[in-house]
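Number of protein chains: 2
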Amino acid sequence: MFLPEQTKTRDATAAAKAVTVYVCVTCRGPSGVDSDPRPGVLLAAATAQAADGTGVTVRHVECLANCSRGPSAAVRCKGSWTYVFGGLDVGCGEALIEGANLLAAAADGIMPWRGRPEPLKRGLIARVPPLDLQEVGE
Amino acid sequence: MFLPEQTKTRDATAAAKAVTVYVCVTCRGPSGVDSDPRPGVLLAAATAQAADGTGVTVRHVECLANCSRGPSAAVRCKGSWTYVFGGLDVGCGEALIEGANLLAAAADGIMPWRGRPEPLKRGLIARVPPLDLQEVGE
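Those sequence lines, one after another, are chains A and B.
Per the numbering used here, the first sequence starts with residue 1, numbered consecutively.
Per the numbering used here, the second sequence starts with residue 1, numbered consecutively.
Think of the hints as simulated: they come from the structure by calculation, not from any bench.
Every value quoted in this text rests on a predicted model; they were computed, and no experiment measured them.
Heads up, a few of these hints could be off.
[What the hints assert, rightly or not] Lysine-lysine pairs mimicking DSS-like chemistry, simulated, CA-CA at most 27 Å apart:
#1 A:LYS17 / A:LYS78
#2 A:LYS17 / B:LYS17
#3 B:LYS121 / B:LYS78
#4 A:LYS78 / B:LYS78
#5 B:LYS17 / B:LYS78
#6 B:LYS78 / A:LYS17
#7 B:LYS17 / B:LYS121
#8 A:LYS121 / A:LYS78
#9 A:LYS17 / A:LYS121
#10 A:LYS78 / B:LYS17
[What the hints assert, rightly or not] Pairwise CB distance ranges, derived in the manner of DEER restraints:
#11 A:ASP34 / B:VAL90: 33 to 41 Å
#12 A:GLY91 / B:GLU94: 38 to 46 Å
#13 A:GLY53 / B:THR57: 25 to 33 Å
Backbone N, C-alpha and C define an ideal beta-carbon position, used for all residues, glycine too.
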C-alpha cells in the first residue's frame, strides 16, 4: 500500500511521542455571559471526537488563566514547546488535533507555522519552552 | 541560628525541586518601539541577579509568543503547572524569583495566589498543567 512520506512520518512520530490537548471546560464565550453547557465543554467534546483514532489524548482542565480570551486550549508534548490558544469555538476541535499532530511530528519541538490551521495562528496566546531548553548564546 | 519556618521549608523544597524562570529577551516594551538593549534583556539580567544564591535557574528564551503584552517570562517546575506572565519590566526580577520559589514550595503544583507578588497577579497571561494532570470528574 502506498502512503505519502509525510503521513508515514507523522504516524510513526505520533506513536512514539505522546501529545495531549488540554481543553479548558470552564471557559465562557467572548461575551463573558454564562451558559450551560459552557463553550469550553462543547469544545472539549468536539476535540475528543476529532481525536478519535489519532492517538492524541484530550483532557479537560479547569482554567488555563486565559479567561478574557477564551475558550482556550493548550497543546503539550514531552520535550517540545507547549502552546496556549484562545478565541476558540466548538468548530476548532479538528484544528486542535491537527496542531497536536504537527507538534508530535516536529523534530525540533516547535509547532510549524506553515500548515498550521488558521485558528491556531490567530488564536496563539503564548508558548512555553521544554524544560531542557538551552538557547544559543547563553 | 533562628530561621523562620517558612524560609526553611522553601529552601528545602527549592533544593529538591528545580525551578526555572525563562525570560524572553526579544520582548519590546509596551510601545512596541525597538531599543537596544531590549527591555527583555534588561529584565533577564535583573532576574539573574535576583536569583543569585536562591537555586532558581534563569534562562534566556527567544519569544514566548506574548509579544503584544511583553515583556514576558515563564516560570516552570517539573510536575507543577507552568505560568506565563506579561507586562513586566526591569523592576520585576525579584517578583519572578519570589514566584518561582512559591511554585517550587507548592505541594499541589499550583503557584498560590495569596502571597504572590503583585506583578505576577496583574501580569498573569496563562497557565499550563503538568503532563500528568488528571482532573476530577474526567
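Verification of the supplied hints:
1. A:LYS17 / A:LYS78: Distance of about 7 Å is within 27 Å: holds.
2. A:LYS17 / B:LYS17: holds, 25 Å
3. B:LYS121 / B:LYS78: Holds, at roughly 22 Å.
4. A:LYS78 / B:LYS78: holds, 12 Å
5. B:LYS17 / B:LYS78: Satisfied, since the Cα-Cα distance of roughly 7 Å is no more than 27 Å.
6. B:LYS78 / A:LYS17: holds, 18 Å
7. B:LYS17 / B:LYS121: holds, 23 Å
8. A:LYS121 / A:LYS78: holds, 22 Å
9. A:LYS17 / A:LYS121: Between LYS17 of chain A and LYS121 of chain A the Cα gap is close to 23 Å, so the pair holds against 27 Å.
10. A:LYS78 / B:LYS17: Satisfied, since the Cα-Cα distance of roughly 18 Å is no more than 27 Å.
11. A:ASP34 / B:VAL90: 33 to 41 Å: Holds - the Cβ-Cβ distance for ASP34 of chain A and VAL90 of chain B, about 40 Å, lies within 33 to 41 Å.
12. A:GLY91 / B:GLU94: 38 to 46 Å: holds, 44 Å
13. A:GLY53 / B:THR57: 25 to 33 Å: Between GLY53 of chain A and THR57 of chain B, where Cβ atoms are some 40 Å apart, the hint is violated.
When each numbered hint is compared with the structure, a violation occurs for hint 13 only.
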